[in-house]
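K.L.:
Those letters in the sequence shown? Residues 1 to 185, by our numbering.
Everything labelled a hint here was simulated from the structure, so no lab data went into it.
Glycine included, each C-beta is placed from N, C-alpha and C at the ideal position.
Take these hints with a grain of salt, some might be off.
As the list claims (entries may be wrong) - Label-pair ranges, simulated between beta-carbon atoms: (1) Gly72 with Phe6: 29 to 37 Å; (2) Ser29 with Phe6: 28 to 36 Å; (3) Leu180 with Leu83: 25 to 33 Å; (4) Phe147 with Lys69: 33 to 41 Å; (5) Gly72 with Arg32: 19 to 27 Å; (6) Leu75 with Arg32: 25 to 33 Å; (7) Leu129 with Leu75: 30 to 38 Å.
Stated by the list, open to error - In silico lysine to aspartate or glutamate, EDC-like type, Cα no more than 20 Å apart, as pairs: (8) Lys160 with Glu113; (9) Lys48 with Glu9; (10) Lys160 with Glu170; (11) Lys104 with Glu170; (12) Lys48 with Asp105.
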Amino acid sequence: GIGFAFHGELQYALVSLMIAAIIDFFVGSVMRQFQSTVAEAAFGKELKTLSNFLIYGVLPAVYMMAVAKAGGLSLVVFAFYILAVGTRLAYFNQSTQFREPQDKDFTTGLPLELGTIVIPLVSLLGFLLPLNIFQIFLMLIYLVLGFSYVYKVKIPRLPKQWLFYLVALEALLCVAWLFLGKFGA
């Protein structure tokens, strides 16, 4: 996905983002099926955090830079977004003894996974808006997402049965982006 964004294949960058998020959604349940040692589990946790940083931080940020044509303002938004994702991942990666207890019905801040739905949906506006307006709008969305990831507000967790619908929406968006092609061309 990062390579697609660097080469201006924005629709494939978005599809890669969504496929990575769908795979990440299922990885946890698959991995729980296997027995692992404490060391393997700790290594797996760190590896998952790194992959989440790439999926939910680097890939979306590089996509935004490709859309915004790497101007000065987009560099600031890029850095802010990357730091917000990294901060959220670091907070939830630390031992539970060092952070506030979590209510099982709520999450603190916006879950990173929602960005993989918001960004492709908002990017559909690239077909309707002039490119310069869309670039600014997309950067504003990234600022809002970044702030929402780290803002300490309790957000109700979605019921488990809704997760299927979100994965289905993600898959539908993948197909749509494959057929729509490039915007701003």
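K.L.:
Mind listing which of the numbered hints don't hold for this structure, in increasing order?
P.N.:
Result: hints 1, 4, 5, 6, 7, 9, 11 and 12 break, sorted rising.
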